[in-house]
Amino acid sequence: MIINAETMVHVKEPCQNFSRAMSLVDELGQAVISKGEEPLYIMLNLREYGEIQAMRDKLFNSVADSVIADNMEALLELAK
Numbered sequence: 212m213i214i215n216a217e218t219m220v221h222v223k224e225p226c227q228n229f230s231r232a233m234s235l236v237d238e239l240g241q242a243v244i245s246k247g248e249e250p251l252y253i254m255l256n257l258r259e260y261g262e263i264q265a266m267r268d269k270l271f272n273s274v275a276d277s278v279i280a281d282n283m284e285a286l287l288e289l290a291k
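Here the sequence shown is numbered in the working numbering, starting from 212 and rising by one per residue.
Keep in mind that the hints were calculated from the coordinates and are not lab data.
Errors might be hidden in some of the hints.
Here are the computed distance ranges between Cβ atoms for each label pair [claimed, not checked]:
hint, residue 1, residue 2, range
1, N256, A216, 19 to 29 Å
2, M219, M266, 37 to 47 Å
3, E259, A285, 38 to 48 Å
4, K223, L287, 11 to 21 Å
5, M283, S230, 49 to 59 Å
Where a beta carbon is used, it is the ideal one built from N, C-alpha and C, also for glycine.
Let the hints inform the model, and build the full structure from the sequences given.
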């Protein structure tokens, strides 16, 4: 995973100055909250989160449709 260094904040910063973390999300779309050098959490606005959820749902449905199409003959046989 590639993380933009500009979005990184230490775990203590959102606790001490939440408005700065919110500003970072407003400006750059996200804030990656880390402890030491390890990224632990992503802070997003709800619009961005909704878009990610919609993409996940679309991908899941696409994969499910593909699996069903690839196995339709076997599924029809099992349904007898």
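Do the hints match the structure? See the list:
In this structure, N256 and A216 meet the distance hint of 19 to 29 Å, their C-beta atoms being roughly 20 Å apart. For M219 and M266, the hinted distance range of 37 to 47 Å is not satisfied, since their beta carbons lie about 24 Å from each other. Distance hint for E259 and A285: a CB-CB separation of about 40 Å, consistent with the stated range 38 to 48 Å. In this structure the supplied range 11 to 21 Å is violated for K223 paired with L287, their Cβ-Cβ distance being about 59 Å.
A hinted range of 49 to 59 Å holds for the C-beta pair M283 and S230, which are about 54 Å apart.
The structure fails to meet hints 2, 4 from the earlier list, while all remaining hints are met.
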